[in-house]
Amino acid sequence: MLMQRLNEPDISLYQSTLETMRSIIRASTTSMTSVPKPLKFMRPHYATIKEIHNKMREGPTKKLCADIISVLAMTSDDKNDCINYRMMGKHEPIGDWGHEYVRHLAMEMAEEWRSYGDGTDAHNKRREQLLTLTREIVLHNMKHNAEVEACDLLIEIEKLDLLSEYVEEVDHGRVCLYLLSCSPLMPDPDNEILVKTAMNIYRKFGKNFDALRCAIMLNAVSTMREIVLSTKDM
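Each residue of the sequence shown is one higher than the one before, counting from 1 in full-length UniProt numbering.
Hints are computed from structural coordinates only; laboratory data are not their basis. Some clues are possibly wrong.
Claimed, not checked - Distance condition first, Cα-Cα at most 30 Å in a straight line; then the derived DSS-like pairs of lysine-lysine: (1) LYS40 x LYS79; (2) LYS204 x LYS159; (3) LYS143 x LYS63; (4) LYS50 x LYS125; (5) LYS63 x LYS90; (6) LYS159 x LYS63; (7) LYS79 x LYS143; (8) LYS207 x LYS159; (9) LYS37 x LYS62; (10) LYS159 x LYS232; (11) LYS125 x LYS40; (12) LYS63 x LYS40; (13) LYS62 x LYS79; (14) LYS143 x LYS55; (15) LYS40 x LYS62; (16) LYS125 x LYS90.
Stated by the list, open to error - Have a look at the derived ranges for each label pair, beta carbon to beta carbon: (17) ASP96 x LEU229: 46 to 52 Å; (18) GLN15 x LYS159: 32 to 38 Å; (19) THR20 x GLY206: 32 to 38 Å; (20) LYS79 x ASP121: 21 to 27 Å; (21) ASN145 x MET3: 33 to 39 Å; (22) GLY206 x MET3: 55 to 61 Å; (23) VAL170 x HIS123: 34 to 40 Å; (24) MET3 x HIS123: 22 to 28 Å; (25) LYS204 x MET107: 38 to 44 Å; (26) GLU158 x GLY206: 26 to 32 Å; (27) THR48 x GLU111: 24 to 30 Å; (28) SER23 x ASP118: 40 to 46 Å.
None of the values given here were measured: they were computed from a predicted structure. Just so you know, even glycine gets a beta-carbon here, dropped at the ideal spot from N, CA and C.
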């Protein structure tokens with residue numbers, strides 16, 4: 001019935017129809033372990049709702065439709081629709097659509113980031129947009145005990161320097177332990193970047209002994225000296 005309303009010429013029905021659709025989808029995706037029934041039902045209508053979106057006038061209704069398409073894209077084979085329609089949407093908190101949606105965005109992000117790496121102005125602008133979305137994903141993951149997923153995403157797009165902005169004292173130990181456990185598996189110089197990031201996070205929270213251990217791993221003599229001289233009770 002909802003899809004029938006969207007196919008009708010009366011555009012005044014669109015907003016209320018999409019809001020109802022949003023409520024149904026959100027209720028089904030908040031604790032998603034498999035593809036929810038609403039998404040399965042909407043899968044055959046995916047191309048149709050994209051066509052409806054293209055015909056809409058710019059405004060809040062079109063943005064809401066883009067948000068819904070972004071979520072529905074989890075069941076589609078269309079490349080990077082999840083990210084692309086998210087960019088066109090209302091930019092509401094990504095966690096409102098459930099953790100599986102956030103994970104899907106993160107999976108698409110690495111490939112999308114690499115495809116815009118030629119350094120042109122257009123690609124740099126696109127990367128700025130992707131970085132804004134990446135920050136939303138990382139913030140959500142760090143607040144929901146998904147530190148590993150946050151680290152993996154930033155490692156994939158080579159933006160691990162952003163991690164310390166989102167790490168809090170309560171989770172810094174888990175984050176640093178993960179980074180240090182991954183470093184032996186990474187090639188040069190990526191392994192050093194992981195250790196250096198862990199060292200900086202340790203220093204941020206006054207864990208100078210752990211930071212010194214990282215500095216020794218890096219053979220960073222000047223940093224070792226700096227840490228020792230700045231520590232009163234080591």
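Evaluated hints:
1. LYS40 x LYS79: holds (18 Å)
2. LYS204 x LYS159: Cα-Cα ~18 Å, so holds.
3. LYS143 x LYS63: The hint holds at about 26 Å.
4. LYS50 x LYS125: This hinted pair holds, its Cα atoms lying about 25 Å apart.
5. LYS63 x LYS90: holds (5 Å)
6. LYS159 x LYS63: holds (29 Å)
7. LYS79 x LYS143: Holds - the C-alpha atoms of LYS143 and LYS79 are around 28 Å apart, at most 30 Å.
8. LYS207 x LYS159: holds (23 Å)
9. LYS37 x LYS62: holds (24 Å)
10. LYS159 x LYS232: Since the Cα atoms of LYS159 and LYS232 sit roughly 33 Å apart, the hinted pair is violated (cutoff 30 Å).
11. LYS125 x LYS40: violated (35 Å)
12. LYS63 x LYS40: Judged against 30 Å, a Cα distance of about 22 Å means the pair holds.
13. LYS62 x LYS79: holds (21 Å)
14. LYS143 x LYS55: violated (38 Å)
15. LYS40 x LYS62: Measuring from Cα to Cα gives roughly 22 Å; hence the hint holds.
16. LYS125 x LYS90: holds (19 Å)
17. ASP96 x LEU229: 46 to 52 Å: holds (48 Å)
18. GLN15 x LYS159: 32 to 38 Å: holds (37 Å)
19. THR20 x GLY206: 32 to 38 Å: Between THR20 and GLY206, where Cβ atoms are some 51 Å apart, the hint is violated.
20. LYS79 x ASP121: 21 to 27 Å: holds (23 Å)
21. ASN145 x MET3: 33 to 39 Å: holds (37 Å)
22. GLY206 x MET3: 55 to 61 Å: With Cβ atoms ~57 Å apart, the hint holds.
23. VAL170 x HIS123: 34 to 40 Å: Since VAL170 and HIS123 have Cβ atoms about 37 Å apart, the given range 34 to 40 Å holds.
24. MET3 x HIS123: 22 to 28 Å: violated (37 Å)
25. LYS204 x MET107: 38 to 44 Å: Violated: the Cβ-Cβ distance is about 29 Å, outside 38 to 44 Å.
26. GLU158 x GLY206: 26 to 32 Å: The hinted range 26 to 32 Å holds for GLU158 and GLY206, with Cβ atoms some 28 Å apart.
27. THR48 x GLU111: 24 to 30 Å: holds (26 Å)
28. SER23 x ASP118: 40 to 46 Å: holds (41 Å)
In this structure, the hints that do not hold are numbers 10, 11, 14, 19, 24 and 25, in rising order.
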